[in-house]
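J.: As given, the protein sequences belong to chains A and B, one line each in that order.
Take the first sequence: its position 63, counting from 1, is numbered 161 in the working numbering, and each next residue is one higher.
Take the second sequence: its position 26, counting from 1, is numbered 67 in the working numbering, and each next residue is one higher.
I should point out that these hints are in silico values taken from the structure, not numbers from a laboratory.
Backbone N, C-alpha and C fix where the C-beta goes; we use that ideal spot for every residue, glycine too.
Honestly, I wouldn't trust all of these hints.
[Stated by the list, open to error] Incomplete in silico selection of chain B near chain A, CB under 10 Å:
1. Q47
2. P50
3. G57
4. Y77
5. K79
6. T86
7. F87
8. S90
9. S92
10. D96
11. G101
12. F103
13. S134
14. Y138
15. Y140
16. T144
[What the hints assert, rightly or not] SDA-like, lysine to any residue: derived pairs with alpha carbons at most 25 Å apart:
17. A/K155 <-> B/S135
18. B/K78 <-> A/S122
19. B/K78 <-> A/E200
20. B/K139 <-> A/V152
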Amino acid sequence: EAQVTQNPRYLITVTGKKLTVTCSQNMNHEYMSWYRQDPGLGLRQIYYSMNVEVTDKGDVPEGYKVSRKEKRNFPLILESPSPNQTSLYFCASSLKWGSYNEQFFGPGTRLTVL
Amino acid sequence: DQQVKQNSPSLSVQEGRISILNCDYTNSMFDYFLWYKKYPAEGPTFLISISSIKDKNEDGRFTVFLNKSAKHLSLHIVPSQPGDSAVYFCAVSSGTYKYIFGTGTRLKVLA
């Protein structure tokens, strides 16, 4: 089944404790992206990747890192999480970058930073 | 500054009637517009899209209209069904490898 998977689905952590949220897609997609969803703010793009080893900042990259060493995986790293990073996170992928390519989203990761 | 706005946080519609969801944007350079639908505890799923060279696109019960002069996008659902109850996000392609999403409208279709 074609899908985007994220792990963990739920995570409660404390300020400053490094964490990684994994994202994997099995559709051989080139473009991958991370979003956070917050009440009243909709979905905001954190980072995106055009292809392996090519990543760039979205609109809200502060406090996050990403890497794209393999085509299928695009982990999101929070080196020193803070309470303002408490949010619902979505990973997404599309065949290529391009206006005409719909994105496929993972099920989301709900992160709470105490 | 929000480049993509959905001014109605919520909308209730009777089953069988038309649902109209609206989206306004600020940048006339946006060239592609999409609607996504999101159920609770799931990721958004693609619904329908339209390019800037068109003013209307239909897919079954869903029609998207684009008014470029007004920088306005709307999604019409006819007839509305209870299973359409979800949060709807409009999104635009900014042409710089980024996507910009609106804040979402929660649609409730009453049986």
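J.: Taking the hints in turn, state whether each one holds.
T.: Evaluated hints:
1. Q47: Holds, because the Cβ-Cβ distance from B/Q47 to chain A comes to roughly 8 Å (cut-off 10 Å).
2. P50: holds, 8 Å
3. G57: violated, 28 Å
4. Y77: holds, 8 Å
5. K79: holds, 8 Å
6. T86: holds, 7 Å
7. F87: holds, 4 Å
8. S90: Given a least distance of 7 Å, the restraint on B/S90 holds.
9. S92: Interface hint status for B/S92: holds (7 Å vs cutoff 10 Å).
10. D96: Interface hint status for B/D96: violated (17 Å vs cutoff 10 Å).
11. G101: Since chain A brings no Cβ nearer than about 16 Å to B/G101, farther than 10 Å, the hint is violated.
12. F103: For B/F103, the interface hint is violated, since the closest Cβ of chain A sits about 14 Å away, which is over 10 Å.
13. S134: holds, 4 Å
14. Y138: holds, 5 Å
15. Y140: The hint holds - B/Y140 has a Cβ within 10 Å of chain A, the shortest such distance being about 6 Å.
16. T144: holds, 4 Å
17. A/K155 <-> B/S135: At roughly 14 Å apart (the allowed maximum being 25 Å), B/S135 and A/K155 satisfy the hint.
18. B/K78 <-> A/S122: holds, 22 Å
19. B/K78 <-> A/E200: Roughly 12 Å separates the two Cα atoms, so the pair holds.
20. B/K139 <-> A/V152: holds, 14 Å
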